[in-house]
Each structure stands twice: as structure tokens, then as C-alpha cells.
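What follows is each chain in one-letter form.
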Amino acid sequence: MFRWVEHTAELELEIEAPSEAAVFEEALIAFAELAGDGGGYPVTHELELEAEESSMLLVEWLSELVYLSEAEQFMPARIASLELADGRLRATVEGHRGEPKHLVKGVTLHRLALRQDDTAGWHARVVLDV
Amino acid sequence: MSELVEISEVQWEIPATARPDMRVPARVFADRELLAAIEGDGSLEQIQNVATLPGVVEVALAMPDVHQGYGFPVGGVAAMELPDGVVSPGGVGYDINCGVRLLALPLAEAELGRRREALVHEISREVPAGAGKTKRGTHRTADLDVLLRDGPRGFGRTEDVERTESGGSLPGADAAAVSERARERGASQLGTMGSGNHFVELQRVVRLFDQRAAEAYGLRDDQVTVLIHSGSRGLGHQVCTDYVKQMDAAMRRHGIELPDRQLACAPASSPEGRAYLAAMAAAANFAWANRQAIADAVRAAVARVLGNESAEGTRQVYDVAHNVAKVERYDGRELLVHRKGATRAFPAGSAEIPEPYREVGQPVFIPGSMGTASFVLAGEPGSIALAFGSTCHGAGRRLSRTAARKQIAGAELRRELEGRGIVVRSPSTKGLAEEAPVAYKDVDRVVDIVERAGLSRRVAQLTPIGVIKG
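Residue numbers (our numbering), protein chains in the order written: chain A, 1 to 130; chain B, 1 to 470.
I should point out that these hints are in silico values taken from the structure, not numbers from a laboratory. Even for Gly, the Cβ is constructed at its ideal location relative to N, Cα and C. Don't take every hint at face value.
What the hints assert, rightly or not - Cross-link-like lysine-lysine pairs, in silico, DSBU-like; alpha carbons within 35 Å at most:
1) K430(B) <-> K101(A)
2) K406(B) <-> K101(A)
3) K430(B) <-> K245(B)
4) K101(A) <-> K245(B)
To be verified - Some chain A residues judged to face chain B by a derived CB distance under 10 Å, without partners named:
5) H7
6) E46
7) L47
8) E48
9) V59
10) R111
Turn these sequences into a full structure, and let the hints steer you where they fit.
Have a look at this one:
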């Protein structure tokens, strides 16, 4: 699950999930909430991303969605497949072309975190400039 | 905060000894009331973080409109000694060269009369507003390289370009340093406003504080003006994204440790630093071209509603950047001044100011929140002595967007503004509520503080008569 935390000028996204892959799924659902409903024809994107650490991979993931929403008016809806291993992510994301409502300027590294806790749950925090 | 030392009624300092990692003190321009509000968010910690950056000189500054951001606070100023002081993309922000341009129409509000609503409507048709909006018929991709290199110089009126900070074109811009992704995000957005706090506002001059400066700026009582607030759109956002990532990866190599990862930086003389500065300059030039295209669109709307003579007579007063890093000289030293949510405010006599304004100081525009007053200021010598040639940039946010929406509904705000005779055009009622006046600090107080601190002085007060929002 995810929640938005109040900030004066930015949006902070907090995620709790049972697995690392589920963190990425929740991040997409949160981003889709920002982009809004409605839309046109269906679109699928195959994404391959890599980063030296998992928190940066989360930044890459959201940054990719930011780019696709602005450059291609892509409104993500769901993940058809997601593989996560050794700092690499491969995913098939389904959605549609539309008019994203709430565009994100950038995915910041401010207070960035992605970690597993003692109870084997995963926590992530990322601040978006909106 | 116990570390705060009162320097004057409007200046407070956190000594460099407050934290072991601070290289210089942090200073805030505020009175007691604003300081109490500033202490309520994380901006004081953030300005102390800025004071840890390698190469930072003298003092890290927070303007009275400061509020919490990411990395730098919004309203932060810091200067790094060149060649080896750092450049931080987060110290400029995602919206590179977000800024404000003021146009003065050749007529008074009384002469505009009942054509006001038609003019606001025409401007809203000419200037696409809202998230990710594009504009048909904008410059071809091949032309983008020219815009990135020259800004508005190739297509803007000569007198507009001359009345733009840095002549609308930062030196050292290199289109090759701008990624393909940045180009894709921004190419079709030239001449668009964007969302968030960006706007085009039709206003009238309600008060003149400094007759001589107002005369130099070509402003008179009751005159109709247009204030344009926009930036480098998706192109600048992507440039920041690209280079924060590059610098984050390079920091270990440069032996830099920071209290906040979003302050990611590299020596300005390093390959990463040079590449960012070249890309940032290109994005800044794109932003000036964007505001030029919006100004041209406003003139087209003026021509349709008021005639060609009025469009021809619509002069640009000036255009200022409030998110940028610039090379400037202070006391014989070459410094890289980061202004994130702060405006250059050079005093009279500066060779950087257009000749017609040189005896009165550089114009600065301080937009209030939607529906409230905006101010035209002039740079004062105190800006050089105390703030690396800088002053504030706006009212400064006080509430989060959600909190603003809880205080007032967009439809209610629209009715309230229209009840005060302000024509409103906005594709997003929600966006309107997020930018409600209640979400911002009192702009009069912010301006009062920069005037008392000697950073800039009031020249004119403008009040909105039409608002077009993203």
C-alpha cells in the first residue's frame, strides 16, 4: 500500500509492501493515481532499467513513467509482468494514451529510501517535485 | 531555534559552528513573524545543508519567501568560488530558469473597459495551459538547437531581448549536452505555460512608490500590464533529472559527502560540472524563448481584441530568472551564484542592466498569490553587500496543495475572484484551489522585509484583473 505525505511544495510517496517487486507495483499504482482516469487507445511499454542500488532503481522506474507520461501521454494502468534481479528491472506496463492530469517535474533523491525491515516487509520513500 | 542569532530586525544567522559539517553560516531574511513560520517547516535545516557544500563562500542565504524544498530550500541563495567550487543541479531545481516577464500595454484600465473579458479569453486561447500541454506549429526539432543556443534572439523583438536578464541567452550553452529525452519532453511545449503555480495575469498598476523608477520602466498609474510566469517546461525538468543522476554517481569519485542526496554536486571545473552548466544554460535559453513565445502570443491576442496599434505598443518591461546558477564577480572573485526561488536584483550603475534602467536599478517582479497584489521592485546596493546580488521571488508557499484544497474549493475560489471583478480562465478547478491565496505567505510582508534589508525597493504595485492558470 502507499500513501502521500504532506509537504509544502512537493509530494512525498511512502510505500509498504510484502516484497521488493511489490514496492515497484505500488509505485506505479501511485503514479497512475496522479495521472488520473480516462484515456484513449491501449498502449503497452516494455521497460528495461538498471541501477547500482535498489533505491536508485525505484527513482529510475518513476522517472521512466514521468518521461513516458510527458513525451508520449502514456497513462499507466497495470503491470503485466515484472522481473527484478541484480539491480535490473524488466517490466511490461499496460495503460493507454491520454492526457495525464498531474505531471511530475522530477523524481528527487531527497529523503530517498528503500529497505527491508525485520519483519520482512519492504518500505520505500521518494519525494516528487510537482 | 536556539542557534539563531539576531543580526538585525530582518536578518538572522545560524553560525557555522552550529553543525560540524557547515563551512559557512546560514542567514535568513525575515521578521519575527515570518521567522516563526519558516521555523515550522524544514527550510532552516535545508539552508544549513547548503552551507556544507564544497566551495561555498561567506554565507548561505534564505530569502523571506523561503519554504521547504528538496536539497536547497525554495528561496535559497549560495555562491561557490570558481573554478573548483561545486555546481548543484538541485540548487537550481527542476524548472530551470523558471521566471517572470512583465509586459506593459499602451492603455489604462479605464480605456480597456468592457473588452477586458474578451482579452483574457483571447490570451487563454493563445497560450495553452495545464500539465504537459503542447502547442501546434511550434519550432521544428532542427530549430531547437538554435533556441537552446540563442534563446529568443533569433525570433524575439530586439527591444524585448535587450530588456531580458542576460539578453535572454546564457553564455556556454551547448545543445549537445541536452539529452534526447529532454528534447522530446520540451520540443512541442514552446509557448506553453504549464501547470502548478505558472500563470499569465492581466493586471493594472494601482500604486507607484518610486515615480522616477516607474517612469524609467515605462509604468504609470492605472496602466494595464501582463505578467507571465513560466519556465523551461519538460526540457528543463529532464536536464535536471539527467544531471542529478550523473552527479550522484560521481560524488564518491570527487570525495564529496553530503547531508542530503538531492544536493548532488560536482566541481564546476569537472567534466560533470561543465556538462551540467552547458545543459543548464541551454535549458535557461529555452525558458527565455518560451516566455518570448508566450509574450508574442499575448501580443497576438491584444491585436485581435484591441487592434494592431495596441499590440505594437505593448512593451516588455523586463524578464527575470528565479531558478538559475550564474557566474558573477563579487570583490574581485568569480563566483557561481545559485538562486533557487530567488531573483537577481542588481542596483543602479550595474553594466548588466539595460541602459534605460541603469540609473534606477534592475527591475524585479514579485508575483503575489493568485488574486493578490504583485510588486515591481528595483535592485538596491544592499543586494550586492548582503545577498550576492539577490532578492526574493514571490510570496512563498505556506500550505501544501492538499491543505489548500481543504481550505477552499476551486469553484468557490473562482466565484470569489469573479466577485471581485477578476476574470478567471483555468482548465483545472482543483489546480485553482491549490494556488489559492490562503496557500501563500503575505507578499506585502515579504516585500517589506527585502526593502528594509536594503536588497530591493518598491517601485509599483499591480493588482490582477484577469487570471489565466495552468
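Enumerated hints in conflict with the structure, sorted upward: Going through the list in order, the structure violates hints 6, 7, 8 and respects the others.
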